[in-house]
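S.K.: The chain contents come next:
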Amino acid sequence: MEILVYGIINSVTLALMALGFTLVYGISGLPNFAHGALYIVTGFIAWSFIHTLKLNFLLAMFLSLFVTGLIGAAIYRLFLIRVRGMATSEIIASYAIGLAILEGLRWGGFKGMTYTLPVFIEGSLQILGVQVDLQRIMVVVVGVVVMGLLWLFTHYNRIGLALRAMAQDERAALMLGIDSDRMAVAAMFLGSFLAGLAAVVLLPLGNIVVEAGYNVLIMAIAVCIVGGLGSWIGAILAAFLIGFVQILTVVYIESHFQIVVALLAIIVTLILKPSGLFGRQKELEERV
Amino acid sequence: MTSETILEVKEISKAFGGIQALSNVSFRLHQGEILGIIGPNGSGKTTLINCITGFVHTSSGKVFFKQKDITGQPPHKIAHLGVTRTFQVMRPYYSLPAYKNLIIPLFSPRARKYGGWRGGGKLGDRNTVCIDILEEIGFERDSFVPYKLASALPTGYLKRLELARCLALKPEVILCDEVFSGLSASEIASMIPLIERLQMEGITLVMIEHRLKELFRVADRVVVLNFGQKLTEGIPEAVMEDERVKEAYLGSEDLSDYV
Amino acid sequence: MTLKGGDVRQERIDRGIKVRTGGIYAVSSWKEIGYLLIPRLVLIVGLLILPLAVTNLYWQRVISIVGIYALLSLSFDFLTHFVGLVSLGGAFYVGVGGYMAAILNTKLGLSPLFTIPMAALGGAAICTLFLLPCLPLRGVYFSIVTLMYPLITARIIEALNILGGTDGIVGVASFPNRWVEQYSLFGLLLLILFGLRRLVNKDIGLVFRGIKDNDQAVKASGINITHYKAAAVFISSGMGCLGGAYLVHIYMWSGISQLALDFSIIPIASTVIGGGGTLVGPVLGAFILVPISELLRAFGTLRIVFYSLILMAFIIFRSEGLMVYAQRKYHQFERWVKV
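Protein chains in written order, with the numbering used here: chain L, 483 to 770; chain B, 1051 to 1309; chain H, 23 to 361.
The hints are simulated quantities; they were obtained by calculation from the structure and are not laboratory data. Virtual Cβ for every residue (Gly too), placed ideally from N, Cα, C. Take these hints with a grain of salt, some might be off.
Now the stretches of chain H that chain B is said to cover, found in silico as 3 or more residues with beta-carbon under 8 angstroms [said to hold, decoys possible]:
hint: 1; segment: 220-228
hint: 2; segment: 234-247
Derived BS3-like pairs (lysine-lysine); straight-line CA-CA distance at most 25 angstroms [stated by the list, open to error]:
hint: 3; chain 1: B; residue 1: Lys1198; chain 2: H; residue 2: Lys351
hint: 4; chain 1: B; residue 1: Lys1060; chain 2: B; residue 2: Lys1116
hint: 5; chain 1: L; residue 1: Lys755; chain 2: H; residue 2: Lys234
Restraint-style ranges between C-beta atoms, simulated for each label pair [claimed, not checked]:
hint: 6; chain 1: L; residue 1: Leu535; chain 2: H; residue 2: Glu33; range: 53 to 61 angstroms
hint: 7; chain 1: H; residue 1: Lys53; chain 2: L; residue 2: Asp651; range: 52 to 60 angstroms
hint: 8; chain 1: H; residue 1: Leu154; chain 2: B; residue 2: Phe1194; range: 37 to 45 angstroms
All chains should be built: construct the whole structure from the sequences, respecting the hints.
M.R.: What follows is the structure, given as structure tokens:
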């Protein structure tokens, strides 16, 4: 039972971390290596809003999400758009930006004390005989709601549909009058927003530390590769796969190996099916 | 033209997601012939070549080269056996001069094994062989064209370069993916003797074409594809008379006729 | 372009010396010989004089480190711009080479003279073996996976408490004196630099470049690209391991910090600054960037911020790098002409 409950929680956590990354990659083809940095930035902004500006808790959370989204969009609009389409430069540039943010925070932001965000709801609950605190349940709820909203957004909203069109065929989308640059900025906003969302629900469970940024990046990448880069359904399924395997590792082996599992998952996936569970990148390319 | 079968395709099918790109296509390729493959856009011609040369895994069906099953082999192994291909979207090595493009196929195990050109291993040799092949394929030896960067070459030369890349491997079969498309009438006119000469040298050719008039001048037989299925095959004249082929090209009111 | 002097445009004229020094004509006059030799001599003599010129003890250490980073940058440049594999995990090579040299030295008692070549070759073999599953991957996939290698390796070492755990392996022998250390390092650096330059222009080098330009066509040419990629990774990781082995013997210590981000990111930054695809550029970049980074050491992680920003600025606004710019200036001159 414990495995089931914590497996689900862990899986949704991973899915939340990965969603922003896979969204941006799927739409604009940008492997956003600054993803982890945006995650931590949200935590930092939320903390500052609460502690320095003394804002209301919920308001601070939502504001920080939007600010992160704007930061992401600004990064894309000002810098990354100039190297659009050059895969190597995109990776290096976004990685450099992420590093600069994270290490900058380490140098100037996080000093001395421990930084934590308050949880949304205190207390815990008994589910299937397992004690679970409410924040973790909150994570699952938020995760499921976000996935649902995202689905609705991309299937029924004009911008969402445009984003999906771009993901499928950018040139065709261009011809239909979709401004691909603006859509890419929108995708980056959304991706950063999702990274932020993951941060505000996940960070209260622990301290805000710079290392978490790297971990989130690694886990997001692991999930995306296993699921197939750019495939949302693949990412969610992969999150569940890795999530459960991780919990099993913790239960039966040792908790240190959690991250090793991620690497192994990647390597096994790459050997067996390089395009990932739901990757269509490769086949599409070959079809030309 | 009744000689032994060099390449046999047996009931190949390929689906991309929900799209059935090829369904149960079979044909035989005879030694030394030129086989044309025609069909409207999206009828699965390029996919067929991709399946034969191993760039795409077939969903079902088999490919035999000289009675040997080569289904599912990686592309470089198939090329090593002597089944080479050109690409529809031309893929030269843009940052290299035209003649240096041929160094790479000449470096392959097959070229080293069957090349027969003066060792081919030492530094200078390969460069001269490159120029030889380019001359054979229609680059003027003494002009500067072979020394130009591949990125600066016009389409006509790039198509020739694609063929030259295959020739460098001393191939037995060349699968040409639309070598005539994008060329002017006079360029095609100068390509046709080249193709005929390759045939005389004993190379078997498969040509995917949209330019039917030019294709029918060289092709011995033609296979017609439509919606991933083989409509018919036969000599060019007979194929052109076929009602189904006319309909496939001219379009018919009721598409369900074909399914 | 409109300037206040009326309509003018910039004209770029080739000095023509490059063409004239292309073949046999290179030895036709002293001027042309000089034109060819001077840049090379400046580099060689400069590198050889450097250990003599630097007297400060601290900076002597720094130039050894610079040499190591130059090796790593060369390794990155080769793999990225000549084979098309963008490896973001340079630290993995350093770590493997470093640990290997440390183990060979402390456990078997071999002298640096043996451990360094053994660590370079053995380490390269290990790295190639580990990267083998990633080789069929292209572009982004390869970068992403290689980025994770050093991070994961560090985690595994921590978790399993193997190879000395977080303490690392101490008591590694140092070089007999700094002259051996620096001259062997710089000698190897020059050797590898000129060796690589020859390699990439040989036929096998063209195959590497072909894989970068267009791997499908290489496959269609009957060449097993995985073999060649493996060979390239072997060469590249060998350089990284060599650097790692030197590092371990210089610091007389091997630990997880050899898997740190610095060893992945500084070589990339130096390559971008120096000019990717020139091979000399990255060496130059390392000689610019590493001393600056050393000056900033007092500011802690701020220096990572600093070179991340430099890296970003260069890759976005000046992606050609210094060396390409310098080469252009050397071969051509520019002037403004009236239209």
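S.K.: So, for every hint listed, does it hold in this structure?
M.R.: Each hint tested on the structure:
Interface restraint, the segment 220-228 of chain H with chain B: holds (4 residues with C-beta to C-beta distance below 8 angstroms; minimum three). For the segment 234-247 of chain H, the stated coverage by chain B holds: 12 residues have a C-beta nearer than 8 angstroms to a C-beta of that chain, and at least 3 were required. Restraint check: the Cα-Cα separation between B/Lys1198 and H/Lys351 comes to about 23 angstroms, which is no more than 25 angstroms; the hinted pair holds. Taking the CA atoms of B/Lys1060 and B/Lys1116, the gap is about 13 angstroms. The hint holds against a cut of 25 angstroms.
Distance hint between L/Lys755 and H/Lys234 is fulfilled; the C-alpha atoms sit about 22 angstroms from each other, no more than 25 angstroms. Against the hinted window of 53 to 61 angstroms, the Cβ-Cβ separation of L/Leu535 and H/Glu33 comes to about 57 angstroms, which satisfies the hint. Separated by about 57 angstroms at the C-beta atoms, H/Lys53 and L/Asp651 satisfy the suggested range of 52 to 60 angstroms. Our hint of 37 to 45 angstroms for H/Leu154 and B/Phe1194 holds, since their Cβ atoms are close to 43 angstroms apart.
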